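*Asks:* Be aware that the sequence shown starts at 1, since it is given in this note's numbering, and climbs by one per residue.
Quick caveat, the hints were computed from the structure, so don't treat them as lab data.
It should be emphasised that the depicted structure is a prediction, and the values quoted were computed from it without experimental measurement.
One thing to keep in mind: the hints can contain errors.
As the list claims (entries may be wrong) - Distance windows between CB atoms, simulated: (1) GLY100 <-> LEU15: 18 to 26 Å; (2) GLU16 <-> GLN93: 21 to 29 Å; (3) PHE74 <-> GLU16: 30 to 38 Å; (4) PRO90 <-> ASN46: 13 to 21 Å; (5) ILE18 <-> HIS72: 29 to 37 Å; (6) HIS85 <-> ARG38: 16 to 24 Å; (7) GLU79 <-> ARG41: 34 to 42 Å; (8) GLU50 <-> ILE26: 17 to 25 Å; (9) LEU11 <-> LEU92: 28 to 36 Å; (10) GLY59 <-> PRO90: 15 to 23 Å; (11) ARG41 <-> GLN93: 18 to 26 Å; (12) ARG38 <-> ASP82: 32 to 40 Å; (13) ASP54 <-> GLU16: 19 to 27 Å.
No residue lacks a Cβ here, since even glycine has one placed at the ideal position from N, Cα and C.
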Amino acid sequence: NRDALPQAADLLINLEGISTALVYGITDESIIMSGRNRDLRLNLGNVMSEAFSDIGDAGGHATMAAASIPLHVFTNVREKEDLLHLVIDPVLQNFYRLVGLMEDGESEV
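Build the full structure now, drawing on both the sequences and the hints.
*Replies:* Shown next, in the form of structure tokens:
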């Protein structure tokens, strides 16, 4: 359910200590992501656009953003679990780098 992702991001951003949330899922046609942000130093729309627009559609505003990456660019991958390991890990690493997070989720700022 595509609507579940922004709802999950909304719930996560309201947790104590959370300033940025990114959730993702795989549909039959694409990897979809939804993000929320309360950190004034970060424009989430710009980050999502920079991180994902070269391989899909991405953008938004400082506090809300989304991205969609079509699966047809990964035609040789048959299993969703394999797709997660091949695609999401590097995609998240790029996102973490852009928002100033280390691999363990700790802030570099």
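*Asks:* Compare the structure with each hint and give your call.
*Replies:* Checked hints:
Taken as a hint, the range 18 to 26 Å holds for the pair GLY100 and LEU15, whose Cβ atoms sit roughly 20 Å apart. As the Cβ distance of GLU16 to GLN93 is approximately 26 Å, the hint placing it in 21 to 29 Å holds. Distance hint for PHE74 and GLU16: a CB-CB separation of about 37 Å, consistent with the stated range 30 to 38 Å. Between PRO90 and ASN46, the C-beta spacing of about 20 Å keeps the proposed range 13 to 21 Å intact.
ILE18 and HIS72 have their C-beta atoms about 33 Å apart, which keeps the hinted 29 to 37 Å range intact. Checked against the hint of 16 to 24 Å, the pair HIS85 and ARG38 fails, with Cβ atoms roughly 30 Å apart. Checked against the hint of 34 to 42 Å, the C-beta distance between GLU79 and ARG41 comes to roughly 38 Å, which is consistent with it. Taking 17 to 25 Å as the suggested C-beta distance range, the pair GLU50 and ILE26 conforms, at roughly 22 Å.
At roughly 19 Å, the beta-carbon separation of LEU11 and LEU92 lies outside the given 28 to 36 Å, and the hint is violated. As the Cβ distance of GLY59 to PRO90 is approximately 20 Å, the hint placing it in 15 to 23 Å holds. Checked against the hint of 18 to 26 Å, the pair ARG41 and GLN93 passes, with Cβ atoms roughly 20 Å apart. Distance hint check for ARG38 and ASP82: the Cβ-Cβ separation is about 34 Å, which falls inside the suggested range of 32 to 40 Å.
Between ASP54 and GLU16 the CB atoms are about 35 Å apart, so this pair departs from the stated range of 19 to 27 Å.
Hints 6, 9, 13 from the list above are not met by this structure, while the remaining hints are.
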